[in-house]
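Using the sequences and the accompanying hints, generate a full structural model.
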Amino acid sequence: MSIAEEYTETPADSRLKRSLTYLWQRRRAYLLIAPVTLFLCSVIAYPIFETFRLSLYESPADSNIETYVGLQHYVEIFNSDIFYQLLSQTGRWVVVGVAGKALLGLLIAVHLNQDIRGRKFFRTAFLIPWGIPYAISAVVFRWIEHPQYGYLNAVLLELGIIDQGIGILGNPNIAWIGVVVADIWIGTPFMAIIFLAGLQSIPQELYEAAAIDGAEKWQQFRYITLPQLKPVILIATLLSTIWTFVSFDTIWTMTGGGPINTTSTLVIWIYQVGLKNGNLGEGAAYSVLGFVFLFVFAIIYLRIYTSGGEEL
Amino acid sequence: MPNDATDPFGEESIDRRQMMKGLGAGGIIALAGCIGGGGDGSDDSDIQFLTMGVGDNIEDFFEENNAQFEEEHDITLEFTSVTWDNAQQTVNNRVDGNEAPDVGRWPARWIPQLVGKEALEPIDDLMESEWGDRFYDGMAEGCMYQGSYYGAPWAASNKCLYYNKDVFEAAGLDPEDPQLDTWDDMLAAAQQIRDEAETPALGLAGADAIETGSQYYHYHWSYGADLIDDDSNPAVNSSEAVDALTFYTNLHLEHEVTQSSPLSSTRQDIRQMFETGELGMVIAHVYTSLNIDEAKENGEVDFDYGIVQVPAGPEGRYSLNTIDAISIFSQTEVRDLAEELLQFYFDEDRHFEYATNKGFMPTIEAVGERDHFQNSENWAPYIEAAQYARARPKLSNFNEFNNRMVQAIQEALADQKSPQEALDDAQSDLEDTME
Numbered sequence: 001m002s003i004a005e006e007y008t009e010t011p012a013d014s015r016l017k018r019s020l021t022y023l024w025q026r027r028r029a030y031l032l033i034a035p036v037t038l039f040l041c042s043v044i045a046y047p048i049f050e051t052f053r054l055s056l057y058e059s060p061a062d063s064n065i066e067t068y069v070g071l072q073h074y075v076e077i078f079n080s081d082i083f084y085q086l087l088s089q090t091g092r093w094v095v096v097g098v099a100g101k102a103l104l105g106l107l108i109a110v111h112l113n114q115d116i117r118g119r120k121f122f123r124t125a126f127l128i129p130w131g132i133p134y135a136i137s138a139v140v141f142r143w144i145e146h147p148q149y150g151y152l153n154a155v156l157l158e159l160g161i162i163d164q165g166i167g168i169l170g171n172p173n174i175a176w177i178g179v180v181v182a183d184i185w186i187g188t189p190f191m192a193i194i195f196l197a198g199l200q201s202i203p204q205e206l207y208e209a210a211a212i213d214g215a216e217k218w219q220q221f222r223y224i225t226l227p228q229l230k231p232v233i234l235i236a237t238l239l240s241t242i243w244t245f246v247s248f249d250t251i252w253t254m255t256g257g258g259p260i261n262t263t264s265t266l267v268i269w270i271y272q273v274g275l276k277n278g279n280l281g282e283g284a285a286y287s288v289l290g291f292v293f294l295f296v297f298a299i300i301y302l303r304i305y306t307s308g309g310e311e312l
Numbered sequence: 001m002p003n004d005a006t007d008p009f010g011e012e013s014i015d016r017r018q019m020m021k022g023l024g025a026g027g028i029i030a031l032a033g034c035i036g037g038g039g040d041g042s043d044d045s046d047i048q049f050l051t052m053g054v055g056d057n058i059e060d061f062f063e064e065n066n067a068q069f070e071e072e073h074d075i076t077l078e079f080t081s082v083t084w085d086n087a088q089q090t091v092n093n094r095v096d097g098n099e100a101p102d103v104g105r106w107p108a109r110w111i112p113q114l115v116g117k118e119a120l121e122p123i124d125d126l127m128e129s130e131w132g133d134r135f136y137d138g139m140a141e142g143c144m145y146q147g148s149y150y151g152a153p154w155a156a157s158n159k160c161l162y163y164n165k166d167v168f169e170a171a172g173l174d175p176e177d178p179q180l181d182t183w184d185d186m187l188a189a190a191q192q193i194r195d196e197a198e199t200p201a202l203g204l205a206g207a208d209a210i211e212t213g214s215q216y217y218h219y220h221w222s223y224g225a226d227l228i229d230d231d232s233n234p235a236v237n238s239s240e241a242v243d244a245l246t247f248y249t250n251l252h253l254e255h256e257v258t259q260s261s262p263l264s265s266t267r268q269d270i271r272q273m274f275e276t277g278e279l280g281m282v283i284a285h286v287y288t289s290l291n292i293d294e295a296k297e298n299g300e301v302d303f304d305y306g307i308v309q310v311p312a313g314p315e316g317r318y319s320l321n322t323i324d325a326i327s328i329f330s331q332t333e334v335r336d337l338a339e340e341l342l343q344f345y346f347d348e349d350r351h352f353e354y355a356t357n358k359g360f361m362p363t364i365e366a367v368g369e370r371d372h373f374q375n376s377e378n379w380a381p382y383i384e385a386a387q388y389a390r391a392r393p394k395l396s397n398f399n400e401f402n403n404r405m406v407q408a409i410q411e412a413l414a415d416q417k418s419p420q421e422a423l424d425d426a427q428s429d430l431e432d433t434m435e
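Those sequence lines, one after another, are chains A and B. Counting in the numbering used here, the first sequence tops out at residue 312, every number present. Counting in the numbering used here, the second sequence tops out at residue 435, every number present.
The hints are simulated quantities; they were obtained by calculation from the structure and are not laboratory data. Accuracy of the hints is not assured; some may be wrong.
What the hints assert, rightly or not - Okay, derived cross-link-like pairs now, DSBU-like style, lysine-lysine, Cα gap no bigger than 30 Å in a straight line:
#1 B/K296 x B/K358
#2 B/K117 x A/K276
#3 B/K394 x B/K417
#4 A/K217 x A/K120
#5 B/K358 x A/K276
#6 A/K276 x B/K417
#7 B/K358 x B/K394
#8 A/K276 x B/K394
#9 B/K417 x B/K117
#10 A/K217 x A/K230
What the hints assert, rightly or not - From the derived model, a few chain B residues whose C-beta atoms are all more than 12 Å from chain A:
#11 D46
#12 E63
#13 R134
#14 G172
#15 L337
Said to hold, decoys possible - Chain B regions said to be covered by chain A (calculated; three or more residues, Cβ under 8 Å):
#16 142-148
#17 266-278
All values reported here derive from a predicted model rather than from experimental measurement. No residue lacks a Cβ here, since even glycine has one placed at the ideal position from N, Cα and C.
Right, dumping it as structure tokens:
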């Protein structure tokens, strides 16, 4: 009897029975993945649970004693100004960063998809930022933007645009731009490569037919490339959003979250509060909130993604 | 539809023996992931010695002496150096994970935090013996907390004010008599440099919390302000503190005598600017002069510098004193051996070699009295500055305290808040934090 028959032959069978039958049929598959499931539970589920638990305790830096405080950390966080400042800055960091990486990545991918001379060289060259460790790229950008020794200021001074070095990373109003530019530079190659792979999977016949119908390049891009690339764009931006949200190295290396916390994001603050200041309980509460935001975002995003009947 | 006939998990796809092998292998991997990975070789060593920030200039010193200690005691010594960035977290992780080293060398200001965790062994017996009497009193006291010694002073550093003689000359100031006794003197010289020379007059650090604090507190204390009161409650917004922060921020905002963008500059940035001759004055450690002398010998820079005491404020003169301690951790099972390691490294000649190589103040009086320190133009001002030495307060949450204080300094430096508003807000937040 085939599985399909088992599922359809007896309408009177209970749902439970059908489920059990299904499980029994696949018992070996479940047995085989059991070790990995256990392993994942130990390295993923346990830390998440432990973080939830810790967020309900006061765990100061100078003591081994944990005191149960319930939801006190959450109440304090929601009543603090810094939390809303961090939310705003994290949102800005993610939106600008991901949009920048996606737009630049798409632009590069479209051009690399053309039949241009030196295409292999350019494809390799555009991958370089992705291959350099984030912290090293961040140090390079910190030096580029350095008010006394930086190339950026040197060029602006040489051109007579400024008469003394600008401290981008020291200016509370624009420091975040100095950091997000570095993040976009680092993250763009990933987007470009993913988009390029997507572009190469679009059948050329569509463009040929459109050309015969008189569609201009922009119309081809608008009505063929973008719709065909939609699944790739959605999954790439989802991944990039998650990575940008949890990004730590670039900000910490370039500014440490300063000046005056203006480049801090939720992740930077978690490190600052939990590990640097030693308030593990409060840091854990911030972590839980970050986890919840990301989780809700991912669900909404995937709902939108699959709303057209497409699946991952 | 070809896939309809295929059951990837059916009887034909894998036999029972294969499945058991797979399960076994998976289980082993899972178990390895859960319980493995801790092998750092530490079980093979008789004693573990953790330090931080061991650079090229001192690496050989430790390698040679550790080898000698191993040979003398016929043991294995595991020596680890971590970077300063990770140091505090490493120590805390090891303590919390019951993997503390036997001996550790670190900043004494971390002592309160670990005493709270009962992670350190008091070494009163040692420090109150003839052996402990060899240390400068003030430095030994820097390792004391709640009436007990939790470390021996391994190294110390304090600060003086450097000035570039060439820049002074270019500005029409007398490089041999720089007149830098008070903050107002320093400001007057800086204004003249600003008007007469092209080099920025004064280095001001504002980018990094610890370093910004360590630069600013000279001003704060010298105006008669404090960080905490006698009951260890925050006291950062007194009128004296506001005067100090007003003077500090005006150096940049009103008088424009600093390098551009202090909020972009770490202490290291301004030190490097001075060491390359691109700054008129800076408050810095003794190793700045050692670096310049080495660079001059190598033909990399060519300028003369002078060292004077950190200028005095209305209520006195202070030189920020930082002490590194060497401590024995409570988790040690080789307490006697740990004490012997301390005694080994505090041998006078060994201590002299360390201090001279690394550019730290000696902590043993007899070493400080040696000609090398007494007769050196570089060292003499720092030996003199010991009388103005002042350490940061010993607070278990000093990082948090300092971060908030530095936020206030940055807010004032960025002209976002007046010094009064910035310090009032800091006081309010610190009271909440420390209640």
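A cut-off of 12 Å on Cβ-Cβ distance, and B/R134 was said to be off the interface with chain A. Does that hold?
At about 30 Å from chain A, B/R134 clears the 12 Å cut-off, so the statement holds.
Are all C-beta atoms of chain A more than 12 Å from that of B/L337?
Correct as stated: the minimum Cβ-Cβ distance to chain A is 26 Å, above 12 Å.
Distal placement of B/D46 relative to chain A, Cβ over 12 Å:
27 Å, holds
Between B/K296 and B/K358, is the straight-line Cα distance small enough, at 30 Å or below?
Status holds; Cα separation ~18 Å.
Check the hint pairing A/K217 with A/K230 against an upper bound of 30 Å on the C-alpha distance.
Given pair A/K217, A/K230 holds - Cα atoms ~18 Å apart, limit 30 Å.
Does the alpha-carbon distance linking B/K417 and B/K117 stay inside the 30 Å limit?
At roughly 38 Å apart (the allowed maximum being 30 Å), B/K117 and B/K417 break the hint.
Could you let me know if the closest chain A CB is still more than 12 Å away from the CB of B/E63?
28 Å, holds
Given pair status - A/K276, B/K358, alpha carbons within 30 Å
27 Å, holds
Does A/K120 sit within 30 Å of A/K217, going by the straight-line distance between their CA atoms?
Holds, at roughly 24 Å.
Between the alpha carbons of A/K276 and B/K394, is the straight-line distance 30 Å or under?
Satisfied, since the Cα-Cα distance of roughly 17 Å is no more than 30 Å.
Does the alpha-carbon distance linking B/K394 and B/K417 stay inside the 30 Å limit?
Distance ~28 Å between B/K394 and B/K417 Cα, so the pair holds.
Could you check that no beta carbon of chain A comes within 12 Å of the beta carbon of B/G172?
22 Å, holds
Hints 9 and 16, counting from the list given before, are not met by this structure.
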